[in-house]
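A.B. asks: Listed below are the residues making up each chain.
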Amino acid sequence: DAKTTQPPSMDCAEGRAANLPCNHSTISGNEYVYWYRQIHSQGPQYIIHGLKNNETNEMASLIITEDRKSSTLILPHATLRDTAVYYCIVSGGPTNDYKLSFGAGTTVTVRA
Amino acid sequence: NAGVTQTPKFRVLKTGQSMTLLCAQDMNHEYMYWYRQDPGMGLRLIHYSVGEGTTAKGEVPDGYNVSRLKKQNFLLGLESAAPSQTSVYFCASSYISGRLNEQFFGPGTRLTVL
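Respectively, the protein sequence lines represent chains A and B.
Under this note's numbering, the residues of the first sequence are numbered 26 to 137, in order.
Under this note's numbering, the residues of the second sequence are numbered 151 to 264, in order.
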């Protein structure tokens, strides 16, 4: 699976949009981009995934560049409960038994 | 619907002792995974299973064994615990549809090996 690069930490003001970048320049054509988050001491939680089109669900939006070498997770209106570690993961799906490789992630702190 | 549950939640072992961690899911998922998470680090895959009766090695399998005798249960065993195995252990099961792999995680087991 392709490796990902994320900033180690970022702050965000409550009520503002949080834009989390991820670089995955070695992504291959059949690999998806996943985002998970881990709130303190809990198990990770799925947020969203995509291949090449932008995706949106009730939690967030995922913007993938046209060359697919980077993506941005957008939390439209950050709340204090969004404080967590956010993981950007590239996965080959069935070609590698749907395994996910969690890196160090980005620690997002939402401030009042 | 309990989701993914893990037993026990906390455990302290002495070096050389053995123990089994139990993971149970009630979502009828085929895929199950065991991860460990050390302080300040991401999760690392220990072993996983793609269905009842099957297991496979992940990134850090040494010192661990697993069994998947029933679809809903995935057991992680430590035969002879070492201080390096002090960690938080997470189990997960996957809902898979097409290319979507949504993993559901348990609350974790905090293990200390003295």
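If you are wondering where the hints come from, they were derived from the structure by calculation, not from laboratory data.
Any given hint could be a false lead.
As the list claims (entries may be wrong) - Under the rule of at most 20 Å between Cα atoms (straight-line distance), these lysine to any residue pairs were calculated in the SDA-like manner:
#	chain 1	residue 1	chain 2	residue 2
1	B	LYS207	B	GLU229
2	A	LYS94	A	GLY118
3	B	LYS220	B	GLU209
4	A	LYS28	B	THR205
5	B	LYS221	A	ASP122
6	A	LYS28	B	GLN187
7	A	LYS77	B	LYS159
8	B	LYS159	A	LYS94
9	A	LYS28	B	LYS220
10	B	LYS159	A	GLN67
11	B	LYS207	A	LYS77
12	B	LYS207	A	GLY117
13	B	LYS207	A	GLY128
14	A	LYS28	B	GLY208
15	B	LYS207	A	PRO119
16	A	LYS77	B	GLU252
17	B	LYS207	A	THR120
18	A	LYS77	B	GLY153
19	B	LYS207	A	ASN121
20	A	LYS28	B	GLU209
21	B	LYS207	A	ASP122
22	A	LYS28	B	ASN178
23	B	LYS207	A	SER126
24	A	LYS28	B	GLU229
25	B	LYS159	A	ASN121
Claimed, not checked - Chain B is nowhere near these chain A residues, computed Cβ spacing over 10 Å in every case:
#	residue
26	CYS37
27	GLU39
28	PRO46
29	ASN48
30	GLY54
31	GLN67
32	HIS74
33	ASN79
34	GLU83
35	MET84
36	SER86
37	SER95
38	LEU125
39	SER126
40	ALA129
Computed from a predicted structure; not experimentally measured.
For glycine and all other residues, C-beta sits at the position ideal for the given N, C-alpha and C.
A.B. asks: Could you run down the list of hints and mark each one as holding or not?
C.D. replies: Comparing the hints with the structure gives:
1. B/LYS207 - B/GLU229: holds, 16 Å
2. A/LYS94 - A/GLY118: holds, 18 Å
3. B/LYS220 - B/GLU209: violated, 24 Å
4. A/LYS28 - B/THR205: Violated, at about 25 Å.
5. B/LYS221 - A/ASP122: Given pair B/LYS221, A/ASP122 holds - Cα atoms ~17 Å apart, limit 20 Å.
6. A/LYS28 - B/GLN187: holds, 19 Å
7. A/LYS77 - B/LYS159: violated, 39 Å
8. B/LYS159 - A/LYS94: The hint is violated at about 40 Å.
9. A/LYS28 - B/LYS220: Given pair A/LYS28, B/LYS220 is violated - Cα atoms ~34 Å apart, limit 20 Å.
10. B/LYS159 - A/GLN67: Since the Cα atoms of B/LYS159 and A/GLN67 sit roughly 12 Å apart, the hinted pair holds (cutoff 20 Å).
11. B/LYS207 - A/LYS77: violated, 30 Å
12. B/LYS207 - A/GLY117: holds, 17 Å
13. B/LYS207 - A/GLY128: holds, 19 Å
14. A/LYS28 - B/GLY208: holds, 17 Å
15. B/LYS207 - A/PRO119: The given pair, whose Cα atoms are some 16 Å apart, holds under the 20 Å limit.
16. A/LYS77 - B/GLU252: Roughly 18 Å between the alpha carbons, so the hint for A/LYS77 and B/GLU252 holds.
17. B/LYS207 - A/THR120: Between B/LYS207 and A/THR120 the Cα gap is close to 15 Å, so the pair holds against 20 Å.
18. A/LYS77 - B/GLY153: violated, 31 Å
19. B/LYS207 - A/ASN121: The given pair, whose Cα atoms are some 12 Å apart, holds under the 20 Å limit.
20. A/LYS28 - B/GLU209: Roughly 15 Å between the alpha carbons, so the hint for A/LYS28 and B/GLU209 holds.
21. B/LYS207 - A/ASP122: holds, 11 Å
22. A/LYS28 - B/ASN178: violated, 31 Å
23. B/LYS207 - A/SER126: holds, 14 Å
24. A/LYS28 - B/GLU229: violated, 33 Å
25. B/LYS159 - A/ASN121: violated, 30 Å
26. CYS37: holds, 21 Å
27. GLU39: A/GLU39 is indeed farther than 10 Å from all Cβ atoms of chain B, at 25 Å.
28. PRO46: Non-interface label on A/PRO46 holds, nearest chain B Cβ at 17 Å vs cutoff 10 Å.
29. ASN48: holds, 16 Å
30. GLY54: holds, 12 Å
31. GLN67: violated, 7 Å
32. HIS74: A/HIS74 not clear of chain B: closest Cβ-Cβ about 6 Å, inside 10 Å.
33. ASN79: For A/ASN79, whose nearest Cβ neighbour in chain B is about 16 Å away, the distance exceeds 10 Å, so it holds.
34. GLU83: holds, 14 Å
35. MET84: Correct as stated: the minimum Cβ-Cβ distance to chain B is 12 Å, above 10 Å.
36. SER86: holds, 17 Å
37. SER95: Holds, since 19 Å exceeds 10 Å.
38. LEU125: Since the minimum Cβ distance to chain B is about 6 Å, A/LEU125 lies within 10 Å and the statement is violated.
39. SER126: Check fails; 7 Å does not lie beyond 10 Å.
40. ALA129: violated, 5 Å
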